[in-house]
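Participant: Each protein sequence line maps, in turn, to chains A and B. If you use my numbering, the first sequence corresponds to residues 32 to 345, in order. If you use my numbering, the second sequence corresponds to residues 32 to 345, in order.
Please keep in mind that the hints were generated in silico from the structure rather than gathered at the bench. The model shown is predicted, which means the values in this text are computed figures rather than measured ones. Any given hint could turn out to be false.
If several chains are the same, the list does not tell them apart, and a pair holds so long as it fits within one copy or across any two.
As the list claims (entries may be wrong) - Below, a list of computed lysine to any residue pairs in the SDA-like style, where the Cα atoms sit at most 20 Å apart:
1) 123 - 74
2) 277 - 305
3) 277 - 100
4) 277 - 288
5) 205 - 59
Number of protein chains: 2
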Amino acid sequence: MTDAPLFQRVALLGIGLIGASMALAMRRAGLAGEIVCAARSVETRAAALSLGLVSAAYEDPAEAARDADLIVLATPLGAFGPLARAIGPALKAGAIVTDVGSVKDIVFRDVAPALPLNVHLIPGHPVAGTEHSGPAAGFAELFDGRWCILTPAPDADEAAVARLSAFWTGLGAKVELMSAEHHDLVLAITSHVPHLIAYNIVGTASDLETVTRSEVIKYSAGGFRDFTRIAASDPTMWRDVFLTNKTAVLEMLGRFVEDLTALQRAIRWGDGDALFELFTRTRAIRRSIIDAGQDSAAPDFGRRPPGPGGEPPA
Amino acid sequence: MTDAPLFQRVALLGIGLIGASMALAMRRAGLAGEIVCAARSVETRAAALSLGLVSAAYEDPAEAARDADLIVLATPLGAFGPLARAIGPALKAGAIVTDVGSVKDIVFRDVAPALPLNVHLIPGHPVAGTEHSGPAAGFAELFDGRWCILTPAPDADEAAVARLSAFWTGLGAKVELMSAEHHDLVLAITSHVPHLIAYNIVGTASDLETVTRSEVIKYSAGGFRDFTRIAASDPTMWRDVFLTNKTAVLEMLGRFVEDLTALQRAIRWGDGDALFELFTRTRAIRRSIIDAGQDSAAPDFGRRPPGPGGEPPA
């Protein structure tokens, strides 16, 4: 390991599940000379230090960003604008500013105007996560084999994009480039709308007067529990996703509801062939996802009991 | 093990995931003197024999049911009526006829009329399963710690109900009794509507012209892949569920769509507080499900890499 690390100083602005996992994966691969973070709450800063994620934790994001070669915005999206305004004056010439937010068009709108012209803004989004939040939820393997999407502007500096790509590859991810606008459309259907309908059905179930809350919980193994897992994701982060990716989410949601209405009609009129046709078609997509290494074929929906390849005891 | 088994001869009519898991769990607990099955296809019968699930496999369900003390209907719901008519004349006096279907009211409608008056019909539903189908998908631990709901008629024989309850307890399940009508309402929200919306969003995603199929697959780790898991469930079984539990499914689906419309409106008008309130409320239900032992708190949504408590290598 005589090579110099890819970045001398990396500043993580926000250190929840993603920021903490990045810190651990950076250490695993020796990608950073120094890792520091900024966090608003004193508890988070103390946790980041005691978990050994960073060598320094600042309240002021400008302090963390000063002299950094790579600055990562890793808070919920709603904080991006204020953060950019806070760090703008402190940034080193040639620094790379990126983020890990789930919506990308907003980064150009909220972050770019506050940055000096001599830094490189390259928005990014690692498509990985769990339903847990906070620095203690992080783990070094989170990005292994997952995709990280970078959405550089058409006139972005190629060397900076290559360096950030190498960084994410070093964290274990596979890197893909696309426009911010296309990213927001793709993620609306693969992530945002799935989260919305998961949140929604958990809400619907908890509001019923004919079925008790305890019945919903007891019989959740029939399918419902998988939705509660997704619907346990961080509320602030997801509120901001829906507020910032409004257009694409409403477009995809409109299609979802249209298709659902057709299914509803098939059920009402007893059109078994239409149901069977859809239910057969969806199996093929599942197989493709497993073949692409984006999920395991283990029968997780049934939650195998403890043992090799099984879940840990509850 | 000098005790006599709970049932001398058990006939499984249909031997897919559930039937096969029952056979394995019966052997584990020594609940049956003899286990036989009936299956239409010669491949399924050969698999049931070669997997060691049963001592005999018949094409004719009446042959399997003859002399059996417990007969389990374990096919998709649509086959229940014909099956009942086929086995009715062959049933032994005092035999218990049950099923494992996901809808229960239909059992009284389709099965009861075809049975002689000297047998006990006690519908049942183990709330457990995986997205895999067929006899080779079965495993003995599938029912461990899960609920099995029995829906005996108000005038059902108490001793027969107690014996069937003991049987399911022996298979590892916890037993609950309720009316068939209430069962169908509870399962509509905890299982049937979740499956329907999972099938639906996978269909919506595969029909988009602005996002390619390969993009949907690549970025499925953002939440979508969990829906594909559910949407890979057996098409015939699920078609029959929606055709037979029409009223309760349409009722619950109506509420789901109503709530979704409110969320859609909150997004359109930027009502972050409404989104945040719902997303916070849904976390509490997740915690209750984990506390009730119906799921594990391991961050499965993120699919931890191979290792203790992790998923097996893809």
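Participant: Tell me, which hint numbers fail for this structure?
Facilitator: 1 and 3
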